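Participant: The chain contents come next:
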Amino acid sequence: MTYIRPKFRHPELPENKIGHSISYYEGVLSTLCAGCGHDSISAAIMQACFESNIEPYRLAKMSGIGCSSKAPNYFLGKSHGFNSVHGRMPSVTTGANLGNRDLIYIGVSGDGDSASIGMGQFVHVVRRNLNMVYIVMNNGCYGLTKGQDSATADIGSISKAGSENHFHPIDLVSLALELGAPFVAQSFSGDKTQLVPLIKAAMKHTGFAFINVISPCVTFNNNVGSTKSYDYVREHIDATGTVDFVPPAKEITAEYEEGTVANVTMHDGSLLHLHKLAKGWDPFDRVSAINAVHNALLKGEILTGLLYINEGSTDLHHLLGTTDTPLNAVPQEKLCPGSEMLKKINAEQV
Amino acid sequence: MSDGKVKAKINDLVIRFANVNGTGSASANFLFTKAIFRMGVPVSPKNIFPSNIQGAPTWYEVRVSEKGYLGRRDGIDFMVAMNPQSMKQDVAAVKTGGYIIYDSTKILHDEFIRDDVNYLGIPIMEMCNKEFSDPRQRQLFKNVVYVGALSALLGIEFDAIEKLVSEQFAGKEKLIAPNVKALRLGSDYAKENFKFKLNIRIERRDLVGDSIMIEGNAACGLGAVYAGATVAAWYPITPSTSVVEAFHSYCDEYRVDKETGKKNFAIVQAEDELSAIGMVIGANWNGARSFTATSGPGVSLMSEFLGLAYYAEVPTVLIDVQRTGPSTGLPTRSQQSDIISAAYASHGDTKHVLLFPSTPTECFNMTVDAFDLAEELQTPVIVMSDLDLGMNEHMTAPLTWDDKRKYKRGKVLTAEQLDKIERYGRFLDVDKDGITYRTLPGTHPTKGAFLTRGTSSDEYAGYTEEPEPYVRNMDRLIRKFNTAKNRVPGPEFLQKKNNSDYAVIFFGTSTPPVLEALDMLKEKGIVLDAMRILSFPFNKAIEDFISSHEKVMLVEQNRDAQMRSLLMIEAGIEPGKILSVLSYDGTPVTADNIFKQINAHLAAKVKTKKTN
Ligand SMILES: Cc1ncc(C[n+]2csc(CCOP(=O)(O)OP(=O)(O)O)c2C)c(N)n1
Ligand code: SF4
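Protein chains in written order, with our numbering: chain A, 1 to 350; chain B, 1 to 612.
Hint data in this document are derived by calculation from the structure and do not stem from the laboratory. Keep in mind that a hint or two might mislead.
[Said to hold, decoys possible] Here are the simulated DSSO-like cross-link-like pairs (lysine-lysine), alpha carbons at most 30 Å apart as the crow flies: (1) B:Lys258 x B:Lys406; (2) B:Lys172 x A:Lys343; (3) B:Lys447 x A:Lys17.
[Said to hold, decoys possible] A short list of chain A residues far from chain B (calculated; beta carbon distances all over 12 Å): (4) Ile22; (5) Lys61; (6) Lys70; (7) Ser84; (8) His86; (9) Ile104; (10) Ser159; (11) Asp171; (12) Glu178; (13) Lys192; (14) Thr206; (15) Val218; (16) Ile237; (17) Asp244; (18) Glu311; (19) Gln349.
As the structure is a computational prediction, the values presented were derived from the model and not from experiment. For glycine and all other residues, C-beta sits at the position ideal for the given N, C-alpha and C.
Extracted from the complex, chain A is given alone in its bound form:
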């Protein structure tokens, strides 16, 4: 099957501050099933990068294996990307980030990729607080291998083939909170207004930013009885509040009333406004966020929005004490101790 992208573009597409229109953020044409939630997430990533005035070449797209992990091909064609092996995106991203701390890293994974084969790497990348955005396109099933249950499928959920899932699901959001991820959000691929500002905020955040996005698989998991179908998610969604992300521009804050809005100042001075709605939910308190998520799960609801943020988070480079210069740019003179030093080392070995 070949796709030919129509050449025609509106000549007056709006441009962002660095002079790019949204089309500058496109990748190759998607080969995912028409209507797949993953494509909506790709579109949200493009929109978020466009609105955040990001130069695509300063961003690296990382992924594992699965329909979801194919997505990086379909956005930001001017970025380098790495489609690694099944479940191992976190380690490759860790190495990439250690090698060059100056790029923005967006990792895209599936629920099979992250909650089964890659569970170990997921857990450890959270633990190391790698500075990256980690998006799970969570459809509760394996798309690419045609519809097997994944470890995030809800108990009692019915697969397309009609069988019932008997196992307790792994809730990646609870897990990320439990592990101490400093930025944890949940959203729905069908809710672009919520997802785009979340991605923008995640990219600005220093340290590990996790977004679990319910992303229905129209081909294998959009049937009656599935708890990850479009209809089910729409009916059971409960937002913590809305989020908007504002580039550095202090005066805008005055538009919001104190009390209902929490302002988070990011490292570069930009602001994140959190409009608080849900009762008992405090985005700065990890334990209360854990409770809120658990309570929603008990009610069969999916709590969306920015669930937790730790503004003072530091990342892996900080913990390791690495130099500000990206390690791939440190010159040989600084890396190689030279022949005189080696003579000294020899002298210590006799």
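With chain A's structure known, arrange chain B with the ligands on it following the hints.
Facilitator: Then chain B with the ligands, alone, in the frame of chain A:
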């Protein structure tokens, strides 16, 4: 016992220390070795230790050789038998006429008495209990006492040992005096009680030149520092752990910015080997030199990723310190048995570049070369060390560095170069050597970006399932592998070329005992051509050497003759052409073993000639 009339053998001995693991014998035994080295006499120690932390038997074997033989040879002249648990086998291992030092605080049981060896009883425990009050010291100094006694018995200069002790405890001066006291206790006891001359002696010589003593793993770690590696990711496994530990301590010394206190390196202890190699690939993808170190089980886990690095053409450096397999095998023993699994690690048609060091000096040089090769060839390069090389101190040539040497970063396009290119193709074979041009993430705003992946790609890095571009790509990878044949270090030839119909081939840690075995043959009037393999893929010189001989005898330390298979598959050598000389019990192969097997092959040859 020798009465002094028998002419003593000078500087030719094998001594084995039988200790209990965890009792602090390692540093005392090394003291003994180093003192001999300081007297200018070639010496080579080997740790033979169990996969246990404490309590189990551990041995340390030292070869002292006037002729400079650094491999193992059969026959133990001297046993320091400090472990009751292994006493029986230790006593049995000594050559007729040999010596046994034992702790005579308790009477030696009858079953340990042989009448063809000499017993040197020293009441070590009694002496230590009398002289030291601290229980830990009592235990530790038992080892120092026998080193003192050995110095007197063998003629090791007391000053040399004393000086080593003060160097060892520089900064902890309080420990020097009690150590010297313990040495003297042993030495005085020996002088007073053993008033006869041993038939083996150590004498000062000038035979070690400017050699140093260093472990292979430390040399690999240092090589990675000199090569400019900035990212190391690893998961602990014996016997490779000390590679990254050495890298770490050298980095702490040489890579911390004096002004800012910040580090020009990052080391991550990963959650497993899969993650470790993933990090290495990620860092190298971004153009930061990165490596990992592991052993056989780790190589198995890393295989999927090695296939990705091969196919996606990401430079990757791996130091494989081989141990005895299969599975957990003998986890603290040595073998050369990852050859096939490393050469073909991963599924599909995959092959990797291997380097085979024989000495710590080569560990250093080959680690540096591995980084250059990996980047030049954009592929994994595996340094095939082993436990014997990695975890033992070896006398080796001093490490050298040419300050003019510039890292070879391979074909990486800069933004300026990209500007001049109309259409960049990641997998276009522009130079027809199979090596294509890569671009690093973040280089150019609009040009050069591509998706790195393990699925089939066309020349422009576009996903494709078409047969032709897939085959073109696979064929190009072979072209690249052929290019590698002339970039990797070629073989080394010993003795006269084309002198004999049969020749000997070897590699890695078999080298010292093979050299000795060749000399043993020479003494019998047999001079054989010999070649050492330093790398895979095999270049033409290797094939030529083999085809110019009637038969070759290949020495390797594994059961299945893995190098032989590789030569058959990759160099098209006829199976019948290669006779194996194998050793795979986990202990480093001895010269005698090699000599015997070669002799047997030669004898069979003579026999067939006669019957013809
Ligand atoms: C080591 C390994 N095992 C199995 C597979 C087969 N495989 C490919 S994708 C996939 C599951 C993908 O599911 P998920 O991560 O949920 O992504 P989705 O396709 O649903 O977006 C599996 C099992 C593989 N590629 N590699
Ligand atoms: S199979 Fe499912 S997950 Fe995969 S592309 Fe189709 S809809 Fe999306």
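Participant: State for each hint whether it applies.
Facilitator: Each hint tested on the structure:
This hinted pair checks out: Lys258 of chain B and Lys406 of chain B have alpha carbons roughly 24 Å apart, not beyond 30 Å. With a C-alpha separation of about 26 Å, the suggested pair Lys172 of chain B and Lys343 of chain A falls inside the 30 Å cut-off, and the hint holds. At roughly 21 Å between alpha-carbon atoms, Lys447 of chain B and Lys17 of chain A fall within 30 Å of each other, so this suggested pair holds. Chain B leaves Ile22 of chain A outside its interface by the beta-carbon criterion, the shortest separation being 16 Å against a cut-off of 12 Å.
Taking the minimum C-beta to C-beta distance to chain B, about 8 Å, the non-interface status of Lys61 of chain A is violated against the 12 Å cut. The beta carbon of Lys70 of chain A is not kept farther than 12 Å from every beta carbon of chain B, the shortest such distance being approximately 9 Å. Listed as outside the interface, Ser84 of chain A is inconsistent with that label: its C-beta sits roughly 7 Å from the nearest C-beta of chain B, within the 12 Å cut-off. For His86 of chain A, the condition that its CB be more than 12 Å from all CB atoms of chain B is violated, with the nearest at approximately 8 Å.
Distance to chain B contradicts Ile104 of chain A as a non-interface residue, since its nearest Cβ pair spans about 10 Å, not more than 12 Å. For Ser159 of chain A, the requirement that its beta carbon stay farther than 12 Å from each beta carbon of chain B is met, with the minimum near 27 Å. Annotated as non-interface, Asp171 of chain A keeps its C-beta farther than 12 Å from every C-beta of chain B; the closest such distance is 21 Å. For Glu178 of chain A, the non-interface assignment is confirmed: its Cβ lies about 17 Å from the closest Cβ of chain B, beyond the 12 Å cut-off.
Annotated as non-interface, Lys192 of chain A keeps its C-beta farther than 12 Å from every C-beta of chain B; the closest such distance is 25 Å. The beta carbon of Thr206 of chain A is kept farther than 12 Å from every beta carbon of chain B, the shortest such distance being approximately 17 Å. Listed as outside the interface, Val218 of chain A is consistent with that label: its C-beta sits roughly 22 Å from the nearest C-beta of chain B, beyond the 12 Å cut-off. Residue-level check passed: Ile237 of chain A sits 33 Å from the nearest beta carbon of chain B, beyond 12 Å.
No beta-carbon of chain B is positioned within 12 Å of the beta-carbon of Asp244 of chain A; the least distance is around 29 Å. Its beta-carbon lying about 24 Å from the closest one in chain B, Glu311 of chain A satisfies the requirement of being farther than 12 Å from that chain. For Gln349 of chain A, the shortest C-beta to C-beta distance to chain B comes to about 4 Å, within the 12 Å cut-off, and the non-interface label is violated.
Checked against the numbered hints above, the structure violates hints 5, 6, 7, 8, 9 and 19; every other hint is satisfied.
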